[in-house]
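Asker: What follows is the residue order along each chain.
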Amino acid sequence: MTDARERIDEIVRGNQVVLFMKGTELFPQCGFSSRAVAILEHLAVPFKTVDVLQDPDIRQGIKSYSDWPTIPQLYVNGEFVGGSDIMMEMFESGELKQLIGAAAE
Amino acid sequence: MAMSASEIERLIKASIPDAEVEIVDLAGDGDHYSAKVLSRTFIGLTRVQQHQRVYAALGGRMGGELHALQLQTAAPREMTSD
Numbered sequence: 001m002t003d004a005r006e007r008i009d010e011i012v013r014g015n016q017v018v019l020f021m022k023g024t025e026l027f028p029q030c031g032f033s034s035r036a037v038a039i040l041e042h043l044a045v046p047f048k049t050v051d052v053l054q055d056p057d058i059r060q061g062i063k064s065y066s067d068w069p070t071i072p073q074l075y076v077n078g079e080f081v082g083g084s085d086i087m088m089e090m091f092e093s094g095e096l097k098q099l100i101g102a103a104a105e
Numbered sequence: 106m107a108m109s110a111s112e113i114e115r116l117i118k119a120s121i122p123d124a125e126v127e128i129v130d131l132a133g134d135g136d137h138y139s140a141k142v143l144s145r146t147f148i149g150l151t152r153v154q155q156h157q158r159v160y161a162a163l164g165g166r167m168g169g170e171l172h173a174l175q176l177q178t179a180a181p182r183e184m185t186s187d
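Protein sequences, first through last, are from chains B and L.
Heads up: the first sequence begins at 1 in my numbering, then just goes up one per residue.
Heads up: the second sequence begins at 106 in my numbering, then just goes up one per residue.
The shape of chain B in the complex, shown without the other chains (with noise of 0.2 angstroms):
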């Protein structure tokens, strides 16, 4: 459990901007993740998915590392986001290009 912690925690600082999500980009296994993926995409920023189903360790490990029990979840510059519920509602606000335009820069 340390070493997948440790192994998200590099994940996560080593990466602007990363989704942690069921599937992949291309074939997202569930309506959260893939709302998620629409939500970035919309976005067009470069962003790097973790497709947790490959990974037992990282899909129970990342949702103590941020106190989260859902997937997927976002990361902007080692921060954790939120959900597919808050993507969206800063999507809609303007807040999450914002952020995730000032990590780009």
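Rather than coming from a laboratory, the hints here were simulated on the basis of the structure.
Quantities reported herein were computed from a predicted structural model and do not represent experimental measurements.
None of the hints are false.
Only pairs whose alpha carbons sit at most 27 angstroms apart, straight line, appear in this in silico DSSO-like list of lysine-lysine:
| # | chain 1 | residue 1 | chain 2 | residue 2 |
| --- | --- | --- | --- | --- |
| 1 | L | K118 | B | K63 |
| 2 | B | K97 | B | K48 |
| 3 | B | K22 | L | K141 |
| 4 | L | K141 | B | K97 |
| 5 | B | K97 | B | K63 |
| 6 | B | K22 | B | K97 |
| 7 | B | K63 | B | K48 |
| 8 | B | K22 | B | K48 |
| 9 | B | K22 | B | K63 |
| 10 | B | K63 | L | K141 |
| 11 | L | K141 | L | K118 |
Here are a few chain L residues that sit away from chain B, every Cβ distance over 12 angstroms (derived from the structure):
| # | residue |
| --- | --- |
| 12 | M108 |
| 13 | S109 |
| 14 | S111 |
| 15 | E114 |
| 16 | S120 |
| 17 | E127 |
| 18 | D130 |
| 19 | A180 |
| 20 | P181 |
Note that beta-carbon positions come from the ideal geometry of N, C-alpha and C, so glycine has one too.
Given the structure of chain B, go ahead and fit chain L onto it with the hints provided.
Answerer: Here is chain L on its own, set in the frame of chain B:
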């Protein structure tokens, strides 16, 4: 395993007594819900913290027994300001 809307509402209110809760069964299957939760105790909390309060109220059921809960939270002033 599904949960009833009234059970979700009961759990949220047990933990956040002043909460106004509105739950919609999205698919009519007792497994996909959306919830709006309004509480004065959310004042000053970030969205992430507000959602965490609701997840805590559901006591570990989120992501397990309860698969799909779209969540929207707000403190009273925020929800009426737009």
